[in-house]
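Chains as they are written, first to last, in this note's numbering: chain A, 1 to 155; chain B, 1 to 155; chain C, 1 to 155; chain D, 1 to 155.
No wet-lab data here; the hints were simulated from the structure. Please note that the accuracy of each hint is not assured.
Each pair may be met inside one copy or between any two copies, as identical chains are not told apart.
Claimed, not checked - BS3-like mimics (lysine-lysine), calculated; alpha carbons at most 27 Å apart, straight line:
id, residue 1, residue 2
1, Lys-103, Lys-51
2, Lys-50, Lys-103
3, Lys-50, Lys-121
4, Lys-121, Lys-103
5, Lys-51, Lys-140
6, Lys-51, Lys-121
7, Lys-140, Lys-50
8, Lys-51, Lys-96
Being a predicted model, the structure only gives us computed values, none of them experimental.
Protein chains: 4
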Amino acid sequence: MAEHRFVYRDIVQFSDTDMAGIMHFANFFRFVERAEHAFYRSLGLSIVEKKHLLPEGEPVGWPRVHASCDYFAPLRFEDDVEVELLIEEIRTRSLKYLFRVRKPGGALAAEGHIATVCVRKDPETREMRAVAIPERILSKIEVAPPELLQSRAAK
Amino acid sequence: MAEHRFVYRDIVQFSDTDMAGIMHFANFFRFVERAEHAFYRSLGLSIVEKKHLLPEGEPVGWPRVHASCDYFAPLRFEDDVEVELLIEEIRTRSLKYLFRVRKPGGALAAEGHIATVCVRKDPETREMRAVAIPERILSKIEVAPPELLQSRAAK
Amino acid sequence: MAEHRFVYRDIVQFSDTDMAGIMHFANFFRFVERAEHAFYRSLGLSIVEKKHLLPEGEPVGWPRVHASCDYFAPLRFEDDVEVELLIEEIRTRSLKYLFRVRKPGGALAAEGHIATVCVRKDPETREMRAVAIPERILSKIEVAPPELLQSRAAK
Amino acid sequence: MAEHRFVYRDIVQFSDTDMAGIMHFANFFRFVERAEHAFYRSLGLSIVEKKHLLPEGEPVGWPRVHASCDYFAPLRFEDDVEVELLIEEIRTRSLKYLFRVRKPGGALAAEGHIATVCVRKDPETREMRAVAIPERILSKIEVAPPELLQSRAAK
Numbered sequence: 001m002a003e004h005r006f007v008y009r010d011i012v013q014f015s016d017t018d019m020a021g022i023m024h025f026a027n028f029f030r031f032v033e034r035a036e037h038a039f040y041r042s043l044g045l046s047i048v049e050k051k052h053l054l055p056e057g058e059p060v061g062w063p064r065v066h067a068s069c070d071y072f073a074p075l076r077f078e079d080d081v082e083v084e085l086l087i088e089e090i091r092t093r094s095l096k097y098l099f100r101v102r103k104p105g106g107a108l109a110a111e112g113h114i115a116t117v118c119v120r121k122d123p124e125t126r127e128m129r130a131v132a133i134p135e136r137i138l139s140k141i142e143v144a145p146p147e148l149l150q151s152r153a154a155k
Numbered sequence: 001m002a003e004h005r006f007v008y009r010d011i012v013q014f015s016d017t018d019m020a021g022i023m024h025f026a027n028f029f030r031f032v033e034r035a036e037h038a039f040y041r042s043l044g045l046s047i048v049e050k051k052h053l054l055p056e057g058e059p060v061g062w063p064r065v066h067a068s069c070d071y072f073a074p075l076r077f078e079d080d081v082e083v084e085l086l087i088e089e090i091r092t093r094s095l096k097y098l099f100r101v102r103k104p105g106g107a108l109a110a111e112g113h114i115a116t117v118c119v120r121k122d123p124e125t126r127e128m129r130a131v132a133i134p135e136r137i138l139s140k141i142e143v144a145p146p147e148l149l150q151s152r153a154a155k
Numbered sequence: 001m002a003e004h005r006f007v008y009r010d011i012v013q014f015s016d017t018d019m020a021g022i023m024h025f026a027n028f029f030r031f032v033e034r035a036e037h038a039f040y041r042s043l044g045l046s047i048v049e050k051k052h053l054l055p056e057g058e059p060v061g062w063p064r065v066h067a068s069c070d071y072f073a074p075l076r077f078e079d080d081v082e083v084e085l086l087i088e089e090i091r092t093r094s095l096k097y098l099f100r101v102r103k104p105g106g107a108l109a110a111e112g113h114i115a116t117v118c119v120r121k122d123p124e125t126r127e128m129r130a131v132a133i134p135e136r137i138l139s140k141i142e143v144a145p146p147e148l149l150q151s152r153a154a155k
Numbered sequence: 001m002a003e004h005r006f007v008y009r010d011i012v013q014f015s016d017t018d019m020a021g022i023m024h025f026a027n028f029f030r031f032v033e034r035a036e037h038a039f040y041r042s043l044g045l046s047i048v049e050k051k052h053l054l055p056e057g058e059p060v061g062w063p064r065v066h067a068s069c070d071y072f073a074p075l076r077f078e079d080d081v082e083v084e085l086l087i088e089e090i091r092t093r094s095l096k097y098l099f100r101v102r103k104p105g106g107a108l109a110a111e112g113h114i115a116t117v118c119v120r121k122d123p124e125t126r127e128m129r130a131v132a133i134p135e136r137i138l139s140k141i142e143v144a145p146p147e148l149l150q151s152r153a154a155k
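Input sequences plus hints: build the corresponding full structure.
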């Protein structure tokens, strides 16, 4: 069964804050990345593939090509945060996520997108180049339905 | 004289990298923020205003309302990086920057935007609320000319 | 009842690693701090005290005066980590913790100490100065027994 | 000529601070690491050796086996910081540094030690193991004289 949505819960740590007393804006992207990686684990995958666990394939990596975030409310130390991660688009060689970060109670703190491209190290040039997303990953994910992508209401 | 452009140079540090061997995508925003704060210092300002240095006014702060970045090439340990910061828009209570991050040689590694809102702590509610950008800041900045905003060519 | 030991579990995140493929050595201290703050929450306390929740007292803070760590084994992405936090010493105005970070299976990855001093903002000078640890905290903690402090065996 | 001392200057960035308004204690270690890497560059070396630049040898890495710091004074946003790095001990397979972090004016903010071991990837097991420090590095460094190691006076 393919999945299109994952909810990740975490707490704002002291070292996530800055002298303004709120979570530093760049750290929202770290929270979203943790949600993405927990999503992969929930599918029996890992964002970091290990050669010896892939007898029939080559490991792929996922550098980012786009990241954006709109901030609606600050997050503070010890806030229980919920990150909703939705698959917004699946292309041959790339994925796009929509994410929403919610405060305790469900108020939207931030919303944004991350686009990430599937790459593999070229054995000759040692350079990373975009490749088709392997079936072992593709078979487990699907695009989220429009009503989930469009609605900011807490679930 | 008002300024609309600032170039900040820095080096990619070991702790900016991740296990993929490149600068973590969230750290691009830290580099851009450093450029922004160095720009303020170059204008005789500080992004963190101190009450006792402002006899005629109240300190303002600058929480972010938007951050986005398109990534074109990875940055690696010890890369000498150049961040070009341009003022893209000045509104009554907010600013928008366009930034370009270049690798040694001038190749574009990333381009994006940060929008930030001018806030002041309400003395009664202790809440932050948006206020007009003070004249002490407004008088020193101006919107960059369109040709700078539109051209990605290294200067 | 006073407590002297807390076990905190977390997972090594991608952004905790560096280009050597292991958790950056400075991030061990972040993990230990998270353990400390979770310990406080488990006691019904918060390391960041809020004035309005303290009708009879003044908030205190806990800047560090010492941090040290011996590293025995690297931590890698997605390692399930256990941080054991023990109270090693309680003095009038300061605390000392002993911590042990263990890998999945119990092998010791790191061991160290953090000493932290109880401070309060002087209402006149606005400077932080060391003060006696408030009874609301002192009543909930005690020094760990010597056999726990001395033994590195996994529990 | 061998070197035993390096002075690195940097500025405390907004994202180095936490909600207590001061540089987070773990970030002192990042500053010291930057000083170490700048020291290497000043010697014509890089802490990250590249195979193709080493025709006669194998790259080595430097995982940490110990890090400690005593904190004497907080660092704040935009403080101009000076890190003094001294070589405290050179052993066959490891190095020990003494560092001092000074505030503007020379006041000591922190002092500590980092011990780091020279490792190479075993071509068969792919495990890191300690090896003798290569001559290309050893020939450029020496232990600092005792008077420098013992004196905390600003130079």
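Here is what the structure says about each hint:
1. Lys-103 x Lys-51: This pair counts as between: shortest inter-copy Cα distance 22 Å, intra-copy 39 Å.
2. Lys-50 x Lys-103: between (35 Å within a copy, 19 Å between copies)
3. Lys-50 x Lys-121: both (13 Å within a copy, 18 Å between copies)
4. Lys-121 x Lys-103: For Lys-121 and Lys-103, only the inter-copy Cα distance (21 Å) is at most 27 Å; the intra-copy one is 39 Å.
5. Lys-51 x Lys-140: Cα proximity of Lys-51 and Lys-140: one copy only (20 Å, versus 39 Å across).
6. Lys-51 x Lys-121: Both: 12 Å inside a chain and 17 Å across chains, each within 27 Å.
7. Lys-140 x Lys-50: within (18 Å within a copy, 38 Å between copies)
8. Lys-51 x Lys-96: within (25 Å within a copy, 36 Å between copies)
Comparing the model with each earlier hint shows no violations; every hint is respected.
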